[in-house]
Amino acid sequence: MSHRLKNLSRGKGYAPGSLKSRTETIPGGNMPLQVITYDPDKITEKEIQISTTIEQLREYRDNKSITWINLNDVRCVDWVEKIGEAFDIHPLILEDIVNANQRPKNEEMDNYLFIAVKMLTYNEPQEFIDAEQVSFILTGSCVLTFQEKPGDVFEPVRERIRTGKGRIRRMGSDYLAYSLLDMLIDNYFLVMEKIGDRVEDLDEDLLTSIDNKHLKMLHHLKREIIFMRKSVWPLRETIGDLYRGEKAIIGKETSVYFGDLYDHTIQVIDTVEGLRDMVSGMLDTYLSQLGNKMNEVMKVLTIIATIFIPLTFIAGIYGMNFEFMPELKWKSGYFVTLSLMLIIALGMVLYFRRKKWL
Amino acid sequence: MSHRLKNLSRGKGYAPGSLKSRTETIPGGNMPLQVITYDPDKITEKEIQISTTIEQLREYRDNKSITWINLNDVRCVDWVEKIGEAFDIHPLILEDIVNANQRPKNEEMDNYLFIAVKMLTYNEPQEFIDAEQVSFILTGSCVLTFQEKPGDVFEPVRERIRTGKGRIRRMGSDYLAYSLLDMLIDNYFLVMEKIGDRVEDLDEDLLTSIDNKHLKMLHHLKREIIFMRKSVWPLRETIGDLYRGEKAIIGKETSVYFGDLYDHTIQVIDTVEGLRDMVSGMLDTYLSQLGNKMNEVMKVLTIIATIFIPLTFIAGIYGMNFEFMPELKWKSGYFVTLSLMLIIALGMVLYFRRKKWL
Amino acid sequence: MSHRLKNLSRGKGYAPGSLKSRTETIPGGNMPLQVITYDPDKITEKEIQISTTIEQLREYRDNKSITWINLNDVRCVDWVEKIGEAFDIHPLILEDIVNANQRPKNEEMDNYLFIAVKMLTYNEPQEFIDAEQVSFILTGSCVLTFQEKPGDVFEPVRERIRTGKGRIRRMGSDYLAYSLLDMLIDNYFLVMEKIGDRVEDLDEDLLTSIDNKHLKMLHHLKREIIFMRKSVWPLRETIGDLYRGEKAIIGKETSVYFGDLYDHTIQVIDTVEGLRDMVSGMLDTYLSQLGNKMNEVMKVLTIIATIFIPLTFIAGIYGMNFEFMPELKWKSGYFVTLSLMLIIALGMVLYFRRKKWL
Amino acid sequence: MSHRLKNLSRGKGYAPGSLKSRTETIPGGNMPLQVITYDPDKITEKEIQISTTIEQLREYRDNKSITWINLNDVRCVDWVEKIGEAFDIHPLILEDIVNANQRPKNEEMDNYLFIAVKMLTYNEPQEFIDAEQVSFILTGSCVLTFQEKPGDVFEPVRERIRTGKGRIRRMGSDYLAYSLLDMLIDNYFLVMEKIGDRVEDLDEDLLTSIDNKHLKMLHHLKREIIFMRKSVWPLRETIGDLYRGEKAIIGKETSVYFGDLYDHTIQVIDTVEGLRDMVSGMLDTYLSQLGNKMNEVMKVLTIIATIFIPLTFIAGIYGMNFEFMPELKWKSGYFVTLSLMLIIALGMVLYFRRKKWL
Amino acid sequence: MSHRLKNLSRGKGYAPGSLKSRTETIPGGNMPLQVITYDPDKITEKEIQISTTIEQLREYRDNKSITWINLNDVRCVDWVEKIGEAFDIHPLILEDIVNANQRPKNEEMDNYLFIAVKMLTYNEPQEFIDAEQVSFILTGSCVLTFQEKPGDVFEPVRERIRTGKGRIRRMGSDYLAYSLLDMLIDNYFLVMEKIGDRVEDLDEDLLTSIDNKHLKMLHHLKREIIFMRKSVWPLRETIGDLYRGEKAIIGKETSVYFGDLYDHTIQVIDTVEGLRDMVSGMLDTYLSQLGNKMNEVMKVLTIIATIFIPLTFIAGIYGMNFEFMPELKWKSGYFVTLSLMLIIALGMVLYFRRKKWL
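Protein chains in written order, with our numbering: chain L, 75 to 432; chain F, 75 to 432; chain W, 75 to 432; chain U, 75 to 432; chain X, 75 to 432.
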């Protein structure tokens, strides 16, 4: 959880809007910008270097063709600043892009739309959910995406653009933004299926045996689900806003698609809530199983102790060394005593039977 | 639960609106379409094959008579596509029909209304609730229904259409849609009665004995009820919307009936919530019963141990082999000791009486 | 609880609005209709038979005098149908009257107002709350009431009409409806006082002793309170609607009285919630008392066992039959051993004192 | 709690608005009315008797000076009726004044404003919160206050009026009403401080010892806080309404003061919620402490039993009377056995050390 | 917690708006006022004494330059009164400034805006959160800040004003107020990081060992987080109001910054809720670990007791002193008995193995 709480404060001495405040930075030279430009007829894909001038960047902005500019690592503050200048982005928005701890949100500015969402991936070996902020800037003809680190889930969209499959090449930048967001949210389902598998495995394990390891796993899963929930709930508002709100930049035709995206978001929330309920129920099961087990242990102890303690007492009596103990002299004393013990033992067993302990 | 979490993601590489993405498909040739056409005077029932042309389908659409077209299995993507073309259905709606994991919802398009709800049936032998998505497309004179698999609860409506009982033959397609939805929701009550019977049986069992089997049953029922709850809550909004919202396609006269349907939905929700409260209360009962039982076990152990341990100690004393132990020589030593033991035992019993443990 | 879950579905094969679907019926001939007609000057009370014509019933409707028509048993479907025809009641409303499982609600139709509420009475011997639906139809000059079974709480209103006490004879049918509803809701307080008495008795009992019987009583009371709560919450909306909503049939002067009724409803809800909190708190008390008691039992066991087990061990040592055990030969061996045992016992007692177990 | 549930129903046979229904009454002759009349220049304070005529009362109403009329005991139904007639109060309002079980609320009538709130005082010896309804009628120049029983918290306001301190003498009747309400709500803080002291004392006690007495105190405090909460929440709406709502009778200048009063109300709610959280947390602490204690008790028992039971068994073996037991003949048998016992005991102690039980 | 409940009531006998009511006061002479005046070109910093006249103070108010006036200790009622007079502040606002127990809130008056928020700092040695109220009065060109005690988190803002870094020197008083609030809320993150560190440390400790000390720490942290939560939630409304509400005094350009501040506030709330969930989960862990541990203790006891009690009983039998006990005479009696004991012990061990207790 630790990594999820750090670096929230801007840091002493930095003014609002200064990009160098919270993150360690890396030089822009190491990280080219990925640019895809397309229209229904043709498509160009290239990588541009930090030496590109602001005017060259502005050409993409003013171009009729749809352009998707992707930065793989927001620690390249040089790039963020250059893009910010080229596209006239407000410094606070740039700060939100760089300091990647934002709640999912959208903000409409004069001539662009800012959207920040989380890209979730499931880190299989370590069994936790990895969250990375992806920021979108949507202008009339461009979509700018900023990721926290290289590696994304957008490859199928790139493929669809390249092959011209579906309607993506014929539609505007708003449809491109939709396609990318759709891919992100579709990936949420994959993460949830994996978490769901873990939950179901554990659920079956709990029916046969309970131990500390299961409890730890349960708490771990509960935390992952709570973390997921926190990422997903604000998404509802963010996407709902894109769909309902009259954002100038989202066309009527694309708006239907955002409606579909909103439905998916609601479904994600439903699924997360379902998982949460399931894990809560499992914690209840765990506790009542624990109670059952304790009860069983106690019963074994009580049965054994309750049968043998009185018998041992009787043996103790005839183990006393008094000189005058008439029974000791009886020929059948020993066998009478043994029989008495047997009768007491049987009586106890019958009593426990009646109590349904046996 | 497993089957309820799978197949939520669209799958990599498929564009939004493509029907072949998430489901395995079956050829349309295996599955005829059921068509019932009626007006107050006459009724025709037939099955049409996949070879039917789009123009023939459009005749139903443009006909004055009311037509109900039913597809029994949405995996027949061929049919869905053909109907989609004939009735000008938006690709995203077709995708929602085919990928039958939708939340109950309605969507009003230019000239038709899309409604997706769950048909619930209770799988008696396996004791779980079976949910199947039924999608409705409602146009001016047609109702199209798409089911996930053959077998439905609509037979009484078919019967009413055939016999002309009630007002169904005299009213429009909106009343037909209402009748089908009403039948679906009426069936919810049957499912709940069955679940309710299980809950009550278990409730009585819990009063006499508690064991692990009951706990498992309890958790199973709780899950079924939570699952039901998730299906039912969004229905409230969906149906409420049909009743209040000024849907162009639902006439004023039929709107009263949708109001009645809305009342039923609220009642379903109330009943589900009542069952949920009952099951939660039973879990509390279970835990407090477990505590009671443990207490009783402990008391038995404590009473037996507390009475006999001191007595055994006394017997132990006179079992010691010291050469000089004056009491051992006394003639009445044995009987005095026995009496002492009796007095101690009686004292203990009185003490437990006063503590109300006996 | 059983009787509260049954008969919710309309039953297969019945069209919406058909009265004979869900209830067993009784012939109208067995059940006369009670009719009270009054104006400030005079009052007539009579019982009319099923042979009365629809025209005769309509006279009441068109009369200037205020008329209260009461049907004691809605299973007399003949009467419901006849009244429905005479007063032009919508078939769905008639269905709601006959199938007496409605949520409290009101519905404004063109020229009448339909109100369905629950009449609660406390079944003292069996200790549960009995709920009966009372449906009101309020027209300009008539109040029609439909009960589920004979026996009601309206006698004081009849008395007030007969004696002309209060302003009831001078006011319209809306005031009559208010008076009846007021009487119903006033009766809720009586039911709650009785439940409250049970709760308080139990609360005192729990302070002195806890056993399974108390737990069952607690769960029984909790269910009754939850049942009450479910009846009462929708009332808030129903009555609030009558008070705020501009219902054409409720005059401005009477509206103040409905405001007062609304306040009473809120107070009923507050009281029910108070009882619920109290019962929840008692369940907590029960569980913590159980924990306390278990703790006490354990302590007794531990003290006795911990004192005597070491002593018995010492006695066991000197009970061994080794030939060479020097202490056994000592003259004072026995008394030294006894003293040692005493010292150990006292040390244990001091230890428990310090631990505050004694 | 008992006294808080009684007398909620109006009682059979009484019409709405009749004052003699729910309360036992006392004759008005025993209880004079306290009247304070003031303007910036002068102040008169007197007590008037039940013989005062309605016309004399109306003079106060029509006077330009501000008049505060206080009735100390609403069981003086004679006074309530007379005042009601003189000031034209609606019978339902009079009923609300007399039947002092109202939820805090305000009601605006044609020419006066009715406010009902609770005056809370802390009954120190019996440690419970005493609630008394105070009803306000606010007209253009008069404030009428009705208390349930003699004794109030208004003395400082009387003093401010007498001395002319603050702006009270220069402002209207709305400011007088504000001053009285402010005094009432300020007193809530005093009650809460006292409850808070009890809570904190208990909280400290719980850290050192837990027993049944503490549990009872905890539940008692929880109930008092819940009771307080129920009195305080509706106040929010009541006061908020006075502040925001455009009540004709509350001037713009005074409205700021009602805003301040509203802030205090919110603060009262915050404090009550804080206390509630604290008490809930303490119940959790209690239960986990109980668990800790049980664990400790069990550990002591287990350690003692586990060490001595095996040793006693060994002693038992050599206490057997078999004729042929070679060890008994050994010279060192006794010492070897004692050493063996010591080794076993030490082994056990080491085992418990490793388990961190010692 | 104690210090957080005290001094909420205004105190008997004080009129609303009187500053000397709730706090002990200190003379203004001991506490100079810190004044910073700046415009884009120059900056003056000075301290002024209580001898400053009201006219001199009003010069700051009417000046074009931006002035920040800071009072370090609101117990200097002399200063508060003088400033109140110079800037025409409403007496109730002054009371809110002096009685520093306000909920975070803002109030817009005719020509100034009042904002009260909490400055939180983490008292590291005593491990609790220190809260201090900071009140802001924002006029066209001045920001007045009132602190409860010397020492604040505003130093970086002073530094930015002095160095002219960022846009602070070029913007108005609204931007200055924003910068100060931003610094305050940024500090919340630091407090939360520290609390978060404690929570994580404890979380790790709980995995290896649980004892009373951990429980106390857990409850302490829970309280601190609840306290934090209570400070943070009303902030949402307060800041949201500044951002959305059309406050005349906040310019359009600065409004964007308040939007950013609002986002941070939401993030603070998210983080606090996350911590709360985590601590709640840890309490669950604690309780289930406790159950696990108890189970383990019980198992050890049961295993030892169940193995040795029957063996001891057998030894007891052959320790009896009956004259006629044939086994005692057998040559191999002793060894047969020992073998029998061994077999019983092994049987028990196998039984526990099968039960998975070993």
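Hints listed in this document are in silico derivations from the structure and should not be mistaken for laboratory results. There's no promise every hint is true.
For chains that are exact copies, the list does not tell them apart, and a pair is met inside one copy or across any two.
Computed list of lysine-lysine pairs in BS3-like fashion (alpha-carbon distance at most 27 Å, straight line) [claimed, not checked]: (1) K156 - K239; (2) K403 - K321; (3) K430 - K304; (4) K429 - K290; (5) K430 - K290; (6) K430 - K373; (7) K268 - K138; (8) K321 - K430; (9) K156 - K430; (10) K116 - K373; (11) K373 - K156; (12) K429 - K287; (13) K179 - K403; (14) K403 - K430; (15) K429 - K304; (16) K405 - K326; (17) K116 - K268; (18) K304 - K326; (19) K304 - K179; (20) K138 - K223; (21) K304 - K120; (22) K287 - K116; (23) K287 - K373; (24) K223 - K326.
Hint check against the structure, violated hint numbers in rising order: 2, 3, 7, 8, 9, 10, 11, 13, 14, 15, 16, 17, 18, 20, 21, 22 and 24
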